[in-house]
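Asks: So the sequence lines, in the order shown, correspond to chains A and Y.
So in full-length UniProt numbering, spot 127 of the first sequence is number 127, and the numbers just go up one at a time.
So in full-length UniProt numbering, spot 228 of the second sequence is number 228, and the numbers just go up one at a time.
Nothing false has been slipped in among the hints.
So the derived list for chain A, only partly shown, Cβ under 10 Å to chain Y, looks like this:
hint: 1; residue: 59
hint: 2; residue: 64
hint: 3; residue: 65
hint: 4; residue: 73
hint: 5; residue: 169
hint: 6; residue: 171
hint: 7; residue: 172
hint: 8; residue: 177
hint: 9; residue: 188
hint: 10; residue: 191
hint: 11; residue: 201
hint: 12; residue: 202
hint: 13; residue: 208
Treat the hints as calculated values from the structure; they're not laboratory data.
Here the structure is a predicted model, which is why all the values come from computation and not from measurement.
By construction, the Cβ of each residue, glycine as well, lies at the ideal position given by its N, Cα and C atoms.
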Amino acid sequence: MTDLMQYGPRLFEGAMLTIAVALLSLLLSLLLGLLTASAKMSRNRLIHGIATLYTTIIRGVPDLVMMFLLFFGAQIGLNMITDLLYELYGWDLYIEINSFVAGVVTIGLIFGAYMGETFRGAFLAVDRGQIEAGRAYGMNHGQVFRRIRFPQMMRHALPGLSNNWMVLLKTTALVSVIGLTDMVRVAEEASKQTDQPFLFLGIVALVYLAIASVSEWGFSRLQERYDTGFVGGED
Amino acid sequence: MEWLTTLQAALTDHTVLSADNLARYGEGLVTTVQLVFASLVIGLFLAVPLAIGRSSKRRWISLPIYAYTYVFRGTPLLVQLYLIYYGLPSIDALRDWQYWEYIDRAHVWALVAFTLNTAAYTTEIFRGAIKNTPRGEIEAAKAYGMGYWLRMRRIVLPSAFRRALPAYGNEVIFMLHASAVASIVTIMDLTGAARFIVARTYSAFEPYLWVACIYLCLTFAILYLFRYLEKRLLAHLRPAGE
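This is chain Y alone, in the form it adopts within the complex:
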């Protein structure tokens, strides 16, 4: 166990990678993953009905959803985060709400902003996939006497989800990277941990390099997960003989 003591000595010597700071990176990693995962899951649940509404022929349903996705995809996430972080607490009615003290935390505002943002992108991804459903499949479903919702549930959505998979994988990576802005509103995510350590150790470079490597690893993990999923779920689309 000699190497352990050497390692310990190295860690205590090292200002940026001290045990304290390692714990901070760890907490930051957990915060980042939690924030991203929670907003992706909630965003996904919001995006499915929104995408169905967005593909609707009734304009009073599809237009408001289009307006929502247009605004959230056309403005920077940082501006959306500021709008929610500074904006919601400025509404008196909301501040007087009895549960206000429970939700008035930067984490909640970041989660709200991220969720609304990813839901907008995911809605458009799903809409594209729904629109690309082969005409024949829908006609066959109609010929079988399926109604709109049954068709949606059995035919359109299952194949649309598969078609949306590659684009959704990009969205997950995009969200992971975009989540770094949480550090701007005082959240101790991975980037926040790096900023904190930079402020404390006066080493302006290493902490960022270190978290950049962690982000790179996370990105690759997501990339391989989606490649695996695509291989499994899109197996029927591969050219024959492969």
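For reference, chain A alone in the conformation it holds in the complex:
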């Protein structure tokens, strides 16, 4: 029990960090997902091609490798840019990539690709006739998006979003490898120090399950909200 008292506060901080990483990368991935979805539906072949390349590469490379690539690679890339700036203009800059930012950006980038696919499918599921009807009423593109496309798209997107969020949550465990002290890292250290791996890693597993269960409940509430006015056909 003393071990638990000793590591408890750090474990709690770790859990907070896990949640912060998860929520921030969720936000980033939602933004990227919307962007990717619109790029994939664009008639411009270049934009379409870039979006396709992005989703293909992301979905073909393991999260962990992606994390190493971005964490170490982006630092080198930044150094090259700052070196160049120094040579050209004499600006003395040094930007260090913080592992928190690297973790959030990597996870956001990875799940942006998955969210993009989800959003694209959901946008395509909205009846074209409704968009045309909205235009006929004199709504502009923004109004049609806000009043017609977005609310109906969400109904189709929610199951996919919920699924992506669950996978994203579990992926946050990988940030412990690039030096962030999330709850997995704290539990791993505590397990090694105290020789009680089942206690600490078990708690971490329970926290993940708890977050997953709470989000499942939250998503079903959201689904109810976006299902308003929808009358189920067969089933």
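Based on these hints, arrange chain Y on the given structure of chain A.
Replies: Leaving out everything else, chain Y in the frame of chain A:
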């Protein structure tokens, strides 16, 4: 054969793609493929009876299996791997077992963790496929006087496997990508080889780029294999005239 000597010279010059390191990537590739393949095969064999149990109407059979899949699908693979890698060796009774020294290797623990993980996902995939068996097929089988197991073997499972194929293809790719965490517990898989070379050559970027390309190729190979299988095995479901 002039190009060969040029190639050799290029390889000896190159720090990341030296012959030594190429061999390391090769070994890493073999380790990754072995680990993933072995855990998928064992996981598949575990998942079939588990999925049948999970679809059972008897709650004392289906509930424990649901608990298992819920826990393994709801927690990160890394946590499961740590639990097994640090957890099992902390059990005294297991450490005193006479075969302990044979199994106390990171590869074994990774294989156990991966197998349990993929079995949980595959169980749920199969359960979904079993649940979606057309009602009429089961009624027809019953009308023919088939019992539960005969029905399962002749009617439900063969069509469920086919229906599960697309989702199972995703699971195989997911497992390939998830297997990269093996490198965290000192296993020299593809990612492990990259980490090793990064540590030795001080080139922080290229090795990861290189293994990312290998993973990408493996992913495409799996993708095309499953597309081919789907075309063959799901031919009867294609719309007429295609």
